[in-house]
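What follows is the residue order along each chain.
Protein chains: 2
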Amino acid sequence: MFWKDIPELTYELNKVRSLIKKSVNVKSNRLTLPVMDFINRDAKMLRPGLLILSARIFLPEDKLPESVYRYAASIELLHMASLVHDDIIDNAEFRRGLVSINHGYGVKDAILVGDLLFCAAAELIYDSTSDSDASVILHGLKHLITAESEELDDAELFRKGQLLGLFGRRKYIRRVIRKTATLFVAAMHIGAREVCKDEFMQQTMRRIGYDIGVSFQMMDDILDIISKKELMGKSSLSDLREGVVGYPFVLAVNSGNKKDEDKAISLFRKALSGGLFSSAHRRALVDMLVPYCDLARNEVLSILNRAKKHFVFLPKNKWTVVLLDTIDSLANRLN
Amino acid sequence: MFWKDIPELTYELNKVRSLIKKSVNVKSNRLTLPVMDFINRDAKMLRPGLLILSARIFLPEDKLPESVYRYAASIELLHMASLVHDDIIDNAEFRRGLVSINHGYGVKDAILVGDLLFCAAAELIYDSTSDSDASVILHGLKHLITAESEELDDAELFRKGQLLGLFGRRKYIRRVIRKTATLFVAAMHIGAREVCKDEFMQQTMRRIGYDIGVSFQMMDDILDIISKKELMGKSSLSDLREGVVGYPFVLAVNSGNKKDEDKAISLFRKALSGGLFSSAHRRALVDMLVPYCDLARNEVLSILNRAKKHFVFLPKNKWTVVLLDTIDSLANRLN
Chain D
1 MFWKDIPELT
11 YELNKVRSLI
21 KKSVNVKSNR
31 LTLPVMDFIN
41 RDAKMLRPGL
51 LILSARIFLP
61 EDKLPESVYR
71 YAASIELLHM
81 ASLVHDDIID
91 NAEFRRGLVS
101 INHGYGVKDA
111 ILVGDLLFCA
121 AAELIYDSTS
131 DSDASVILHG
141 LKHLITAESE
151 ELDDAELFRK
161 GQLLGLFGRR
171 KYIRRVIRKT
181 ATLFVAAMHI
191 GAREVCKDEF
201 MQQTMRRIGY
211 DIGVSFQMMD
221 DILDIISKKE
231 LMGKSSLSDL
241 REGVVGYPFV
251 LAVNSGNKKD
261 EDKAISLFRK
271 ALSGGLFSSA
281 HRRALVDMLV
291 PYCDLARNEV
301 LSILNRAKKH
311 FVFLPKNKWT
321 VVLLDTIDSL
331 ANRLN
Chain R
1 MFWKDIPELT
11 YELNKVRSLI
21 KKSVNVKSNR
31 LTLPVMDFIN
41 RDAKMLRPGL
51 LILSARIFLP
61 EDKLPESVYR
71 YAASIELLHM
81 ASLVHDDIID
91 NAEFRRGLVS
101 INHGYGVKDA
111 ILVGDLLFCA
121 AAELIYDSTS
131 DSDASVILHG
141 LKHLITAESE
151 ELDDAELFRK
161 GQLLGLFGRR
171 KYIRRVIRKT
181 ATLFVAAMHI
191 GAREVCKDEF
201 MQQTMRRIGY
211 DIGVSFQMMD
221 DILDIISKKE
231 LMGKSSLSDL
241 REGVVGYPFV
251 LAVNSGNKKD
261 EDKAISLFRK
271 ALSGGLFSSA
281 HRRALVDMLV
291 PYCDLARNEV
301 LSILNRAKKH
311 FVFLPKNKWT
321 VVLLDTIDSL
331 ANRLN
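Those protein sequence lines, which keep their order, are chains D and R. Counting from 1, position 289 in the first sequence corresponds to residue 289 in our numbering; the numbering is continuous, with no gaps. Counting from 1, position 108 in the second sequence corresponds to residue 108 in our numbering; the numbering is continuous, with no gaps.
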């Protein structure tokens with residue numbers, strides 16, 4: 001878990017975890033095994049952790065309202081549901097260090113597992129009180145679904161040879177906002193809003209969530225290229241193989257360096273054509289992308305720095321420090 | 001549409017339909033086409049129609065609260081979402097008279113279309129006020145998902161030759177309750193509850209919903225066998241071919257007639273092995289099942305009669321008559 005060095009959150013996240021377990025409880029059913037398997041996997045718990053931090057900063061000592069935990073559990077469940085369905089769509093083999101649900105239990109079961117997680121997430125927010133927060137989460141989810149569908153779109157356009165504007169930086173950022181940042185923004189917003197009525201504070205938390213979300217996705221993209229299979233829990237370059245383009249790739253295609261641009265496009269085309277990369281191909285692609293990983297890394301660090309600038313507006317307490325440490329830990333993922 | 005002969009509901013259901021359209025609006029996205037295609041198909045609108053009737057019976061003249069329409073739209077959206085995902089799981093080729101979403105647009109898009117419909121459904125209930133009604137719907141949905149997974153379970157057990165208790169009548173009924181009746185019960189309950197605080201009335205409506213739901217599923221099973229492909233919008237015996245067992249089949253296996261029992265099992269085994277039915281096989285199966293369709297039909301009529309007995313407790317107004325007519329129209333599907 002991402003938070004293991006931050007003991008302040010242990011109690012809170014255990015509460016979230018037990019809520020998650022309770023919420024998916026369907027007694028002795030075919031889905032129990034895959035759902036429990038997935039839920040018990042080592043997860044970063046980044047979204048629920050951030051949601052709770054965002055609340056704690058404004059309510060450092062007292063008991064948090066139950067709704068905070070329910071929202072935190074719900075947002076993690078939605079995230080899990082979307083992972084399970086996305087893994088079907090991307091035909092991913094691994095997730096969270098183990099075989100993906102679609103590969104381990106079959107596509108049919110994976111569809112239902114995702115539906116069940118989704119349903120549990122929805123139930124948890126209905127149980128809580130504030131309607132407008134629920135709609136923030138669902139709004140985020142809608143964005144997530146449409147972003148995923150745009151990736152299918154792009155892969156199709158590419159296959160047809162329509163490359164124009166397909167790998168633009170702005171297009172990439174727009175998609176990352178939908179695919180990843182919106183749920184982070186929702187988490188930070190809801191945490192704050194449940195305990196603090198000051199709208200400027202809520203906005204500040206949303207901005208921090210936005211920066212964390214965008215940089216988190218960029219980091220994932222970088223790690224997909226440079227990390228070992230063991231480290232990420234899915235094989236390196238797996239996204240590209242499914243026609244999903246990461247940030248270093250976007251930077252390469254827009255580098256102005258004709259040789260790298262052509263190479264990137266031709267390797268992407270090969271990935272899409274379904275041909276498995278040979279290890280030589282893979283090495284060539286990684287070698288070409290490494291300098292762009294460095295560029296991307298710098299951008300990530302500057303976005304995380306921007307996030308820190310918002311801290312001047314926040315209350316000063318131990319939770320604010322924890323959030324600051326969290327941002328540094330995120331940056332350290334790239335070391 | 002099922003309600004076309006009941007003009008009282010035209011205005012109400014048009015309102016529901018426009019809510020549904022608004023709720024799935026994601027501008028110019030890859031999913032817009034399949035979602036709109038699906039939404040514009042001729043649908044029975046049975047669940048939202050019943051929900052509104054259940055409210056109208058207790059509020060015959062005045063304007064219905066907006067929440068009633070939102071719940072009605074939501075319950076139809078959930079139903080649609082589950083159809084789209086179930087069609088992937090069952091590899092169904094047709095739905096609502098046209099090519100299924102999975103066959104027309106591909107499995108990947110169908111997963112996202114279902115997710116989007118689900119998300120839209122959840123948004124609609126969050127917008128409305130009464131939390132406990134939302135949880136009734138989600139509870140129903142959980143049952144639906146687990147029922148679908150049990151069908152996968154059974155097909156697997158059967159493939160392994162473990163037939164014991166696989167086709168029991170009680171088991172069938174239990175599944176139908178989850179798969180179909182629960183959403184009907186939810187519809188009738190919510191309609192009443194939104195406008196009438198009398199708990200006995202709500203219970204009465206739930207009971208009527210239960211009877212309609214169970215008999216509706218049995219009817220679908222019967223029609224899968226006796227109707228022409230054109231009439232049902234999917235090919236005859238399609239359920240069986242995917243290893244899903246209908247009520248006439250259950251009656252045949254439990255008939256005490258050894259010859260029919262063996263024949264049913266052997267044909268089911270053939271269906272599961274993936275072999276396409278020859279038209280001779282199909283005819284043999286249909287001929288064997290027809291008498292059991294008659295038995296099932298009698299049971300459907302007696303359940304619908306039981307539903308009518310509850311009417312003695314209901315207010316007497318034109319909407320009560322419409323609901324009574326509705327039950328008769330349902331029974332007429334089998335003529």
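No lab work stands behind these hints, which were simulated from the structure alone. Any given hint could turn out to be false.
What the hints assert, rightly or not - Calculated pairs, BS3-like style, for lysine-lysine (alpha carbon to alpha carbon, straight line, at most 30 angstroms):
#1 27/D x 160/R
#2 63/R x 197/R
#3 171/D x 160/D
#4 27/R x 160/D
Said to hold, decoys possible - Here are the computed distance ranges between Cβ atoms for each label pair:
#5 162/D x 160/R: 32 to 38 angstroms
#6 160/R x 301/D: 51 to 57 angstroms
#7 11/R x 107/D: 52 to 58 angstroms
#8 160/R x 139/D: 43 to 49 angstroms
#9 335/D x 160/R: 22 to 28 angstroms
#10 160/R x 281/D: 54 to 60 angstroms
#11 7/R x 63/D: 54 to 60 angstroms
#12 197/R x 301/D: 35 to 41 angstroms
#13 11/R x 301/D: 42 to 48 angstroms
#14 60/D x 11/R: 33 to 39 angstroms
#15 107/D x 42/R: 40 to 46 angstroms
By construction, the Cβ of each residue, glycine as well, lies at the ideal position given by its N, Cα and C atoms.
Hints, one by one, checked against the model:
1. Of the supplied pair hints, the one linking residue 27/D and residue 160/R holds, its CA atoms being roughly 23 angstroms apart against a limit of 30 angstroms.
2. For a cut-off of 30 angstroms, the pair hint linking residue 63/R to residue 197/R stands: about 17 angstroms separates their Cα positions.
3. Note on residue 171/D and residue 160/D: the hinted pairing holds, with a Cα-Cα distance of about 19 angstroms set against a maximum of 30 angstroms.
4. For the hint pairing residue 27/R with residue 160/D, the CA-to-CA distance comes to about 23 angstroms; that is within 30 angstroms, so the pair holds.
5. The given range of 32 to 38 angstroms is broken by residue 162/D and residue 160/R, whose C-beta atoms sit roughly 48 angstroms from each other.
6. Taking the beta carbon of each, residue 160/R and residue 301/D are about 55 angstroms apart, inside 51 to 57 angstroms as hinted.
7. Evaluation of the 52 to 58 angstroms hint for residue 11/R and residue 107/D yields a failure: the beta carbon distance comes to about 42 angstroms.
8. In this structure the hint that residue 160/R and residue 139/D lie 43 to 49 angstroms apart at CB holds, the actual value being about 45 angstroms.
9. A C-beta distance of roughly 51 angstroms is found between residue 335/D and residue 160/R, which places it outside the suggested range of 22 to 28 angstroms.
10. Under the hint 54 to 60 angstroms, the C-beta atoms of residue 160/R and residue 281/D, about 42 angstroms apart, miss the expected range.
11. Range check, residue 7/R to residue 63/D: Cβ separation about 56 angstroms, and the 54 to 60 angstroms hint holds.
12. Restraint check, residue 197/R to residue 301/D: a C-beta distance of roughly 59 angstroms breaks the suggested window 35 to 41 angstroms.
13. Taken as a hint, the range 42 to 48 angstroms is violated for the pair residue 11/R and residue 301/D, whose Cβ atoms sit roughly 59 angstroms apart.
14. With their beta carbons about 54 angstroms apart, residue 60/D and residue 11/R fall outside the hinted range of 33 to 39 angstroms.
15. Taking the beta carbon of each, residue 107/D and residue 42/R are about 29 angstroms apart, not inside 40 to 46 angstroms as hinted.
The earlier numbered hints that this structure contradicts are 5, 7, 9, 10, 12, 13, 14, 15.
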